[in-house]
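Given the coordinates of chain A, work out where chain B should sit on it, guided by the hints.
Sequence lines, in order, name chains A and B.
For the first sequence, the positions run 56 to 615 when my numbering is used.
For the second sequence, the positions run 199 to 495 when my numbering is used.
In case anyone wonders, no lab produced these hints; they're calculated from the structure.
Be aware that a few hints might be false.
[Unchecked claim] One side of the interface only, derived from the structure: several residues of chain B facing chain A at Cβ under 8 Å:
| # | residue |
| --- | --- |
| 1 | 244 |
| 2 | 422 |
| 3 | 447 |
[Claimed, not checked] DSS-like, lysine-lysine: derived pairs with alpha carbons at most 27 Å apart:
| # | chain 1 | residue 1 | chain 2 | residue 2 |
| --- | --- | --- | --- | --- |
| 4 | A | 513 | A | 533 |
| 5 | A | 392 | B | 247 |
| 6 | A | 115 | B | 420 |
[Unchecked claim] Covered stretches of chain A (chain B as the covering partner; in silico rule of three or more C-beta atoms under 8 Å from a C-beta of chain B):
| # | region |
| --- | --- |
| 7 | 108 to 114 |
| 8 | 119 to 130 |
| 9 | 143 to 150 |
| 10 | 157 to 170 |
| 11 | 354 to 367 |
| 12 | 377 to 386 |
| 13 | 459 to 465 |
For glycine and all other residues, C-beta sits at the position ideal for the given N, C-alpha and C.
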Amino acid sequence: MYKRNMYKAAALTLVGIMTLSFWGCGSGSTSDSSTEIVTDPAERGTVTVTLGRQTTANPKFPSGDSYEDNAYIRMTEEKLNIDIQDEFEAESGDDYNRQVSLALSAGSLPSMMKVASKDELTELYENELIADLTDVYDQYASDYIKGIYDSFDGRALANVTYDGKIMAIPATASDAGTSMCWVRSDWVESLGLTVDEDGDRCLTMDEVKDLARAFIDGNPEQADHPVGIAFNANLTSSSSDGTNTINAIAYALGAYPKLWYKDEAGNLTYGSVTPEMKEALSVIKSWYDEGVVDNQLGTRTWDDITSLLTNGQCGIIFGSWHIPDWLLNNVYTLNNKAVFTPYAVVSEEGKVNCTHANATGEFIVVSADFDHPEIAIQILNLFYDDMVNDSALLEEYPDVASYLNEGVDGTARPFNIEVKSNTYLLDEYACLKAALAGEGTKEEIPTAEERSNYDSIKAYQEGSGDVTGWCKIHSRTKGVDLLAYLTENDLYNWITPVYPETTDTMNTSWANLQTLEEENFIKIVTGAIDLDEGFDSFVSGWKAQGGETITGEIEAQLEQ
Amino acid sequence: MIDNKGTSARIRNAIIHLIVIILGLICLLPLINIVAISFSGSAAVTANKVGLLPVDFTTLAYSRIVSDSQFWRSFGISVIRVVLTLALNLVLVIPMSYAMTRKTSEFRFRNVYMNLLIFAMLFNGGMIPTYIVVKNLGLLNTIWALILPGAVPIFSVILMMNFFKGIPRALEEAAIVDGANPLQVLLHVMVPCAKPSIATISLFSVVGSWNDFFSGLIYMQKVKDYPIMTYIQSLSIDLQELVNNAASSSALENISELSNRNLNAAKIVVAVIPLLLIYPFLQKYLISGMTMGAVKE
Numbered sequence: 056m057y058k059r060n061m062y063k064a065a066a067l068t069l070v071g072i073m074t075l076s077f078w079g080c081g082s083g084s085t086s087d088s089s090t091e092i093v094t095d096p097a098e099r100g101t102v103t104v105t106l107g108r109q110t111t112a113n114p115k116f117p118s119g120d121s122y123e124d125n126a127y128i129r130m131t132e133e134k135l136n137i138d139i140q141d142e143f144e145a146e147s148g149d150d151y152n153r154q155v156s157l158a159l160s161a162g163s164l165p166s167m168m169k170v171a172s173k174d175e176l177t178e179l180y181e182n183e184l185i186a187d188l189t190d191v192y193d194q195y196a197s198d199y200i201k202g203i204y205d206s207f208d209g210r211a212l213a214n215v216t217y218d219g220k221i222m223a224i225p226a227t228a229s230d231a232g233t234s235m236c237w238v239r240s241d242w243v244e245s246l247g248l249t250v251d252e253d254g255d256r257c258l259t260m261d262e263v264k265d266l267a268r269a270f271i272d273g274n275p276e277q278a279d280h281p282v283g284i285a286f287n288a289n290l291t292s293s294s295s296d297g298t299n300t301i302n303a304i305a306y307a308l309g310a311y312p313k314l315w316y317k318d319e320a321g322n323l324t325y326g327s328v329t330p331e332m333k334e335a336l337s338v339i340k341s342w343y344d345e346g347v348v349d350n351q352l353g354t355r356t357w358d359d360i361t362s363l364l365t366n367g368q369c370g371i372i373f374g375s376w377h378i379p380d381w382l383l384n385n386v387y388t389l390n391n392k393a394v395f396t397p398y399a400v401v402s403e404e405g406k407v408n409c410t411h412a413n414a415t416g417e418f419i420v421v422s423a424d425f426d427h428p429e430i431a432i433q434i435l436n437l438f439y440d441d442m443v444n445d446s447a448l449l450e451e452y453p454d455v456a457s458y459l460n461e462g463v464d465g466t467a468r469p470f471n472i473e474v475k476s477n478t479y480l481l482d483e484y485a486c487l488k489a490a491l492a493g494e495g496t497k498e499e500i501p502t503a504e505e506r507s508n509y510d511s512i513k514a515y516q517e518g519s520g521d522v523t524g525w526c527k528i529h530s531r532t533k534g535v536d537l538l539a540y541l542t543e544n545d546l547y548n549w550i551t552p553v554y555p556e557t558t559d560t561m562n563t564s565w566a567n568l569q570t571l572e573e574e575n576f577i578k579i580v581t582g583a584i585d586l587d588e589g590f591d592s593f594v595s596g597w598k599a600q601g602g603e604t605i606t607g608e609i610e611a612q613l614e615q
Numbered sequence: 199m200i201d202n203k204g205t206s207a208r209i210r211n212a213i214i215h216l217i218v219i220i221l222g223l224i225c226l227l228p229l230i231n232i233v234a235i236s237f238s239g240s241a242a243v244t245a246n247k248v249g250l251l252p253v254d255f256t257t258l259a260y261s262r263i264v265s266d267s268q269f270w271r272s273f274g275i276s277v278i279r280v281v282l283t284l285a286l287n288l289v290l291v292i293p294m295s296y297a298m299t300r301k302t303s304e305f306r307f308r309n310v311y312m313n314l315l316i317f318a319m320l321f322n323g324g325m326i327p328t329y330i331v332v333k334n335l336g337l338l339n340t341i342w343a344l345i346l347p348g349a350v351p352i353f354s355v356i357l358m359m360n361f362f363k364g365i366p367r368a369l370e371e372a373a374i375v376d377g378a379n380p381l382q383v384l385l386h387v388m389v390p391c392a393k394p395s396i397a398t399i400s401l402f403s404v405v406g407s408w409n410d411f412f413s414g415l416i417y418m419q420k421v422k423d424y425p426i427m428t429y430i431q432s433l434s435i436d437l438q439e440l441v442n443n444a445a446s447s448s449a450l451e452n453i454s455e456l457s458n459r460n461l462n463a464a465k466i467v468v469a470v471i472p473l474l475l476i477y478p479f480l481q482k483y484l485i486s487g488m489t490m491g492a493v494k495e
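Chain A extracted, bound-state conformation (with noise of 0.2 Å):
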């Protein structure tokens, strides 16, 4: 009795304290805004600004600097006549989120902040705490800006118009391209082999094989134990780029694991459940059997593959175009004659297929406590359009300069978000390419990031030897050079998937889910359970415990 007395008091405390909390949220988002506000920065007071930031763990500040004042702080502050203070820093994923939860709980919004999920900016839309940027997204961002959101056919701002009035400033994800199958061509040349003897740049997927078989048959370092591919453990991942995943081989089979979107019937599908996974899994199978993929695969962690190609037992790993920049540089560093080259692994008609980004997964929004939205729009115009197209301000700034040449996080901005158009990797490439060629020149390509890529290769070309330059050949005129080669000769073929916002039922099995696919995969793919028995009974079982009923929900959330 005594007991259960003490539960029921401590239910109460909990809803008393809910309810607390609940009306500390609602109280302060009823701001009448009746008298004129003051907008134009040299006309007003000095206006304090509060952010959440996200931070990491190597900002590469010069001493001195942190997050609060660092050269990009100082501008925003002299250039917009605002003083910014952090609300919270934390790291970006868990950390952040949880320092965000905690500040929707304690009813203290920050003026701005950056929140990383599409659920979130829906719940604080619906708890009326956020501003509507309608009026001072139409009124002060520049034509610039408003071009690149364009860019995305109407997809970024889309995603944050609820009821018709944009909510948030959008973060913009261009498409990440194909995952690709890079090679060690130092390897191939020296055991006399030929890679892509049509020179189109395109490997199917007996080629890819076979080059691993003859890789570990000829195994030119000399090697311990030689290793065909090495995969992580989770196999497959929702970026169509996904590094260390089987989506190369999958995509080529026309399956998209992890990802929505419509098929020839128009029937939404999960990716992950279809026959063409099947066939993927099948694939792989019979590369594991035959010893061609790992076969420790499913114990070797990240660092374990990475050391697998530093110790030149493995020359073959599939990825985005950006990883020669922080991965394969490992190789580099120990073995400076390692060369790599990206291939795309094509399909049965000798396409590439792959699939759109989710254009926005990113926002920024405004307290509906703030008496100054237009400031976000300001910031948006000075970091995202002034600082890219006006030569001058980093001029009046040398310090801004020298943070974008020395790389330092962009996390050290006031909004760590990307606004870049759709393209922005390709046209970015087209100038770094024609000024390499000796066809435009240095001053024509349009970032900082990209001029100093240009000086890197540059150096290396002269022979520098130096890391960075490598991994900015490999990277650049490898990998974007690939992805810009498939767009010109129209060999991509894309897919444009659905990207659902979180529904009841995945809130409460979507993690289950997730897990009881990517124990499934492994399985199959390491004969611990049977191809046919195993796929049959996970797609049924991933029916039965909620995937159908998600399926339901996500229909009907694009019926509306």
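What follows is chain B alone, placed relative to chain A:
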């Protein structure tokens, strides 16, 4: 242990020793591996070549730590936190547990307080309500947010209570007959007798507050205010996680620069040293402290 002469006893002893040695190695080897990694060249670390001995011996990682100002700032915050927490814990726990050992005839509401303690030990408000309390008290971003929520470790109170109960009543009565007031009894009779127990709860307090990273993540909203374990936690990077979340290429580049594991290993080693230094001084009390408190008279 009583009869070491029999063969079966010897075999039994050998097996027990073997098990203890294996368990000891399981605890020790990862630590040695971390130390070895911290002294190895980063190339060897990336290639997974470091076992128990450093490969390509270098102290480069340590010289980089010396120049990491945030590391030392966080280190200092943690030292201050540990000292303050320890002092506050002892000041609160010792008198409290002494009072709680009084009979109900002397301390009428003893059982009420005891129930409150037990209740608070088993249930708490959860993360968000606690956060709101800390925030509304104005403690956010101050060192007190790391100290006050854990100022009275109830487990330590119970440990001390059991220990005090084990001290012969006669000692206390003798002091009272000599005219000592309750405070004098506590300070001059009980505390000196309870040294092993105090050492035990001190160690719990120090280890607990030094190793705790989570409260730093929640209550410290600026990276510059992080205590050392929170800072080190923020350095441990899961590249795979970042790649899956489609981080931008330049962000990945900056992160991967840091993910050289030997630097992180060196940071872990430096962060563990203070505990290793304290432990030998307290260890001799530790074992007796735990067991002596366990038996009541």
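Now for the hints, and whether the structure bears them out:
1. Proximity of residue 244/B to chain A holds as hinted, the smallest CB-CB distance being about 5 Å (cut-off 8 Å).
2. Residue-level restraint check for residue 422/B holds (minimum Cβ-Cβ distance to chain A is 6 Å; threshold 8 Å).
3. Satisfaction of the interface hint for residue 447/B is found here, the shortest Cβ-Cβ separation to chain A being roughly 4 Å, below the 8 Å cut-off.
4. Taking the CA atoms of residue 513/A and residue 533/A, the gap is about 15 Å. The hint holds against a cut of 27 Å.
5. A hinted pair counts as satisfied when its Cα atoms are at most 27 Å apart, and residue 392/A with residue 247/B qualifies at roughly 20 Å.
6. With a C-alpha separation of about 17 Å, the suggested pairing of residue 115/A with residue 420/B holds against the 27 Å cut-off.
7. Counting residues of the region 108 to 114 of chain A whose CB lies closer than 8 Å to any CB of chain B gives 5, so the stated coverage by that chain holds, three being the minimum.
8. With 3 residues having a Cβ less than 8 Å from any Cβ of chain B, the region 119 to 130 of chain A passes the three-residue criterion, so the hint holds.
9. Figure legend: the region 143 to 150 of chain A, annotated as covered by chain B; annotation consistent (7 residues with Cβ-Cβ distances under 8 Å, at least 3 required).
10. Beta-carbon proximity to chain B at under 8 Å applies to 4 residues in the region 157 to 170 of chain A; the threshold of 3 is reached and the given coverage holds.
11. Residues of the region 354 to 367 of chain A lying with their CB closer than 8 Å to a CB of chain B number 7, which satisfies the three-residue condition for coverage.
12. With 6 residues having a beta carbon nearer than 8 Å to a beta carbon of chain B, the region 377 to 386 of chain A meets the requirement of three or more and the stated coverage holds.
13. Only residues whose C-beta sits within less than 8 Å of a C-beta in chain B count toward coverage, and the region 459 to 465 of chain A has 3 of them, enough to reach three; the restraint holds.
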